[in-house]
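K.L.:
Dock chain to chain to rebuild the complex, using the hints, since each chain is given by itself in its own frame.
Here are the chains, one letter per residue:
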Amino acid sequence: MPPGGYFGKALLVDLSAGSSRSESIEESVLRSYVGGVGLGAWLMHSYCPARIDPVDPRAPLMFVFSPMVGTPLTTSAKFAVVAKSPLTGRLTDALASSHFAIAGKLTGHDAIVLRGACREPSVVVIDRDSVRTEPAPDLWGLPAAQAEARLRDRHGPAWRVAAIGPAGERGVRYATISHDGRHAGRGGLGAVMGSKWCKAILVRAGTKVGSADPAGVLAAARELRKRSFGAATAKYRELGTMANLLAFNAISTLPTRNFSAARFEGAPALGAEEIADLRHLARNSCASCSIGCEHIYRGPGGTQARMEYENVFALGPLCGVSDADAVIAASSRCDELGLDTISTGGTIAWAMECVEKGLIDAPWLRFGNPEALLRAIEQIGAREGLGRLLALGTRAASQEVGRGSEAFAPHVKGLELPGYEPRTLQAMALGLAVNARGADHNRSGAYEADLSGAHDRLMGGEAHVAGAIETENRAAVMDSLILCKFLRGVFAEGGRDPLAEWARLLKLVTGWDVDADELATTARRIVLAKRLFNLREGWTREEDWLPDRFLSESLKLESGRTATLTATRLEAMISAYYRERGLDEAGVPDPETVGKLSLHGLMGSEQIGAKVG
Amino acid sequence: MAQAGAIVLAGGKSSRMGSPKAALEWHGSTLLRRVTGIVARSVDGPVVVVSAAGQALPALDGEVEVVADEREGRGPLQGLAAGLAAIGDRVDVAYVSSTDVPLLHPVFVRRVVGALEDTVDVVLPEIGGFRQPLSAAYRIDLLSTVEELIAADRMRPAFLFERSRVLHMSEDDLLEDVALARLDPALASVSNLNERADYERAHALPAPEIPVEMFGPLATRSGTRRQIVPAWSLGAAAAGVHVALDEHVVAALNGDKITRDPELPLVSGDTVAFMVADAGG
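Chains D and Y are the protein sequences, given in the same order. When we follow our numbering, the leftmost residue of the first sequence carries the number 23, and every step to the right adds one. When we follow our numbering, the leftmost residue of the second sequence carries the number 3, and every step to the right adds one.
Bound-form chain Y, shown alone (with noise of 0.2 Å):
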């Protein structure tokens, strides 16, 4: 696979929702938060928002990169194009996200990029009978086409589509990856929410239900090693076996990164382990 990154579109005007999506709360924390935090843990990459020129954002992790898109209301070729030109010079490619899909899976982001092959430009999935434009991995070299399209006033993405090297993913296609479907079967991770009752929906589904390991002192004080408990969250997984996020403790999501951010976002098949923060001897 080749070096990729990520762009998410954060400039939307959310006049069906009434308010910011990006803003909007999440279970403690915002889904820009989320989706942001998600796509970092699917690609090796840097990330990259593309807002609104003078949109207040909600806080986001510091590695996170933002830039304002100064047309905007041209639609997501504005913004692809805007995120195109940030992250273009240091990555092969870049899965393109909007804001507004709390239920992303990282293991859809990572099939979805992992389908980029050399004879191909955009790895676009099909769902429900609709393209997922803002749901798919986008070659950088694509720029050049997005800017003259956008010159030409065609701002569609269909129009980008016609000139480009499109694999197109059904479900089927999608649900061939042994982990999507285990981990994401309904393909979830495209639902949008596009009116507050869809927010509302979502916002009420139960949290993924997280194995949670604790090692050391956290361990024998509690009694228990091993607990399931659901959480959006690596903050809300904290509170549930009654760790405090301090700094005298850290969190490994997945035996693999070291964390102790309360806001990064978790999902189903995850695992954290809480141990304390003087590893070593």
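For reference, chain D alone in the conformation it holds in the complex (with noise of 0.2 Å):
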């Protein structure tokens, strides 16, 4: 008898043989790693051969499930999507918000394993442990929202659907997952999804799942609830997180022109606070959230597109670009393709930097202009010209040109910046470069110590790195339980420890007895888990890291302070996390950490790969 909130099992689905199975996963493994990211750590390590090729049909793709999916919990309809990145050779886990995660997790499973491929164009079809593929060329190189609408028509509004767009079919390396207009976003999960000649996975829920205790459950939904309404999430609703764009310009936090600048004169025809009265359409809400973060907004010709600060910051400061109505509907077009749009973004600006310094003949491709922007993304979507080689990613292309491009390629990992100027966020700079994804704000939401005044955010030491791991080990627990980012501030307003807060919730969906401490503790182990991973994929010490450009060029900021970072003090505040996580010099966990966190299983060649087959 599984636990609350969970099924116990994972489904397999081999997609060459056309067969499927389930596996049971021991309470001890879910107990451990919990579930979204952390429980999909653990299962890249069980079903992942090592040293694979991302697009390699025997490289698995996995949507996880969580404990809180399915119950009454607000934000919980949420899912990760896990596999090893295209775009980085390293993990990716890729987190989202729809009615596919309550569907999906009903087929009665805690994660659905695809592997193999299909033979050509299809869709792949679970109806509980009922797995069939059905071939779909009417759907190839449809956008995914259509395809999607296609499939609900076809089959019935019971079924939800998660699918790609003609990036991930053609293998762009930051290709999309999209479900509900939702996207699960970074790492090219699109493009793994396209290797495997699948344009979309349809789920229906077919079985129930209990909780532990679900008259409490029902209580500490309700006041969860109520408490998602007050002031910790104003901001989301009320403009949503466009609302960070004029405050980044105003802290010198704004990546703009390729992180040459931390600043951008055009903010103001981009900020929701300027443009919201002209150009807001309506706010919406994920499945299951008493929030609503989504604000929709009217581009040019009919267009709309959900306007988020990552995709403004990428598609418009970093590109120079100023013009709402591009920035809007470039935005709008990467969701059609299914490009990420901060690597679309990120690797427009550089090949923007790369034209201006002549190391790439494109002379249209230039910052500031909206067609330009517009004719890359069509570019990247298609595989056609410039595209070819933007469909990279920064870190592929930039080796290609080479001429000292690599040293303004905006990546970690391979994987693009997101919206937060490292000089001037110097917490969030150590964060970017250990995280096990890549660059990324999502595991690694330093940005909040560097920006809530505990530390002079321009001076990276002691406190910085303590801030780092605090909130990625919140992240961790958040992104495995899987709980929404955007009500972190609920659970810590008025001195709560969201620790303890976590802990209740689970307790009551699975009955087990956890509390704050341990929960820290598994914090620690899933954060590890993923670095252990990449560690059996090759990944070496000199990739936690940023980009010359930000160790060697300084920013100014309106109070005439410069922002320094430098290589040896980015260098001292990697070492002291090592020190901290329990990794020795080459960041590899010493003994003491295995034990004390129960990664035996997850070290050393003779486990890797064990149940692949």
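Worth flagging that the hints you see were computed from the coordinates, not collected in a lab. Even glycine gets a Cβ: it sits at the ideal position worked out from N, Cα and C. It is possible that part of the hints are untrue.
Ranges of calculated distance between the beta carbons of each label pair, as one might list FRET restraints [to be verified]:
no., chain 1, residue 1, chain 2, residue 2, range
1, Y, 172, D, 606, 56 to 64 Å
2, D, 570, Y, 160, 47 to 55 Å
3, D, 422, Y, 187, 53 to 61 Å
4, Y, 187, D, 522, 51 to 59 Å
5, Y, 68, D, 538, 51 to 59 Å
6, D, 588, Y, 172, 48 to 56 Å
7, D, 588, Y, 156, 42 to 50 Å
SDA-like, lysine to any residue: derived pairs with alpha carbons at most 25 Å apart [as the list claims (entries may be wrong)]:
no., chain 1, residue 1, chain 2, residue 2
8, D, 529, D, 244
9, D, 248, D, 259
10, D, 248, Y, 247
11, Y, 259, D, 288
12, D, 248, Y, 223
P.N.:
Below, the structure is given as structure tokens:
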């Protein structure tokens, strides 16, 4: 009998063989890794052959659920998509929110693992333990949303669909997987799905999942929902993450023109505070969410797009574009093609600088040119012209272009940087450098520490290391439970201990006698389980680093101060991070840490790919 | 510029003022809190307050250090020695201030500290015909000289200047700095308060006009993004735009320091941005 919130099994689908089977997951594993990104990391250790090409048919693509999915807890309708990233060659785990999470879990599984590949463009239909593939040549080439709509027309509204767009089909290394207009965005999961000739996966709820204390869960859900309407989530409700843009500009943390500056003179033309009156159309919520952070904006020609800080930063200031019409159109087009907006903007911005420096012969591609931005996106989605190069992402593209372009390629481990300037957010600089997924703001929320006022954000040191670790640990728990991070302020307000709050919820759902200390240990275990996967795949300490630009160019703030992040300072923070995490100088967990966190099963080559086949 | 700290001498008798200057009210704060806050904004190193033994001090920012001068009443050299000894192993130079200069401006401190070159031990402003030893910068290496003078009971700062390489800065010299000329043209930074009437005159001065910008929901709720409000402190600026400085709000001073300290002193030329604390995506 599995604990509340779980089915205690994963569905293993072999697309090449056209077969499937369920495999049990021991309760000790569930308790150790919880769900979402944590359980995903453990499953990757178990089911991903070592050193495999991410787009090899044998490489797994996993949809991983969590114990909270299916409960009435607000923001719990989330799931993780986990694979080896074609962009980074390391672990990637993207979260998304939609009804797909609920329907997928209620097939009766805590995870769905796709391996092998279809023989032709197909969709995978999962109805409890029954799995079949259907040819879908008519869907190939369609935007994900259109494919999803056709499939739900064809199969019925009870079916939930996760699909890829043309970019995933063509193997763009930062292609997304989409559903309900939401995206598992980072790391190229759409390309992994495309490599399996899988246009979409359909799931339908066929069973129920219980909680250990249903009345307690219901009461907690009511209380949490009430708290979710408070001041801690006001920003998301009222303006969404777009509210970051002008604030970040004011404090020199808005990456501009490929990170050559941190303030953008065109920012007011893109700020929600300035344009919402004219362009804001609607506010939506994800499934099972009481916050409602989605803000829909009107673009040119009747287009609409869900605008968030990250897509506006990446397709606006990062490319020097201040034309709101162009940014909305670019964002909308990325959604249609199935492109991660951060990597798309980062790659185009890098290419614009290459053109400026005479390293790429594409005179049309200039900073600030909205037509050039849209043209580049089309080429990337089609993998045509310059798009063939840019579809590789900045790391591989800069290696191809060479001539110093690697120094300003804005990536860590191959993943393009999000909209947080590391020189003026130096805890975040560390978080970006050491995170397993690469340059990432969701698995490392160290910017929270920088923007708390608790330390000088320009002078990275011990306090920044502690802040980076604490926020990384909290993210590991939230992303495994899974609860939306936009609730994080709710769990911390009034001096509450978030870990104790999460432990209380997990106990109500599962019945485990879990407390804050156990979740703190779980967080550390999950962070290192991801690191161990990367180690297995060939990671070395040199990958925990930032591009040269950030270590050789300073930024001037409005106050007159200069923000400088030296290699020596970054090195010192990384070493301190390793010590605090129980890693040796090479970044490998030491024996004591392995013992404390029960990571033995993930260490050493004898365990590698043990369950493959 | 060498790594700089600051020393604030708080242990005087305040006999003409009639009550301890350090604790005098200053628009919701205190004189000492304001002066320590301003010098903290001006230097990159630590701030040390030298108090008299057993002296009760008003609340200070948690990062400000306090040392007690066990031999009180022997004048500024004694306090200087205590401050240099406390700060000396961490900085090369210290800006030394009295407590009673509420109009002190960070650009004045930076101008004085910035003038201390390798060939100089003391940067000594001379304003209104008077040397300003308690608005001056001192090289930390002077500690041994100061101790020798104290041991010889030569307690006047003039004796220290005789044995030091002093850069005298006139008003014109100081005001060559464009920022200082713009923000403190009358050099009110050195205006000290000796008597009750001095304090009352200074206290009645209008507060600096501070441009305040609001972001996110704070802007949409107020109906405006920018206002100019008179404010001696961050708390006053927040009150001026009806923002509660609670756990859901942070402020950025001059696009740099992130804080929600209501007693953070503000000066002319400052800008303040209020934003929601849940920054990020």
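K.L.:
Decide, hint by hint, whether the structure agrees.
P.N.:
Now for the hints, and whether the structure bears them out:
1. A C-beta distance of roughly 60 Å is found between residue 172 of chain Y and residue 606 of chain D, which places it inside the suggested range of 56 to 64 Å.
2. The supplied range of 47 to 55 Å is met by residue 570 of chain D and residue 160 of chain Y, whose beta-carbon atoms lie about 53 Å from each other.
3. Evaluation of the 53 to 61 Å hint for residue 422 of chain D and residue 187 of chain Y yields a pass: the beta carbon distance comes to about 58 Å.
4. As the Cβ distance of residue 187 of chain Y to residue 522 of chain D is approximately 56 Å, the hint placing it in 51 to 59 Å holds.
5. With their beta carbons about 36 Å apart, residue 68 of chain Y and residue 538 of chain D fall outside the hinted range of 51 to 59 Å.
6. Roughly 38 Å separates the CB atoms of residue 588 of chain D and residue 172 of chain Y, a value that falls outside the hinted 48 to 56 Å.
7. The hinted window of 42 to 50 Å between residue 588 of chain D and residue 156 of chain Y holds, with their beta carbons roughly 45 Å apart.
8. Of the pairs offered as hints, the one joining residue 529 of chain D and residue 244 of chain D holds, with about 17 Å between alpha carbons and a cut-off of 25 Å not exceeded.
9. With a CA separation close to 14 Å, the supplied pair residue 248 of chain D and residue 259 of chain D stays within the 25 Å bound.
10. Between the alpha carbons of residue 248 of chain D and residue 247 of chain Y the distance comes to roughly 23 Å, so the proposed pair stays at or under 25 Å and holds.
11. Between residue 259 of chain Y and residue 288 of chain D the CA atoms are separated by roughly 23 Å; this keeps the pair inside 25 Å, and the hint holds.
12. At roughly 21 Å between alpha-carbon atoms, residue 248 of chain D and residue 223 of chain Y fall within 25 Å of each other, so this suggested pair holds.
The structure is inconsistent with the numbered hints 5, 6, although it conforms to all the rest.
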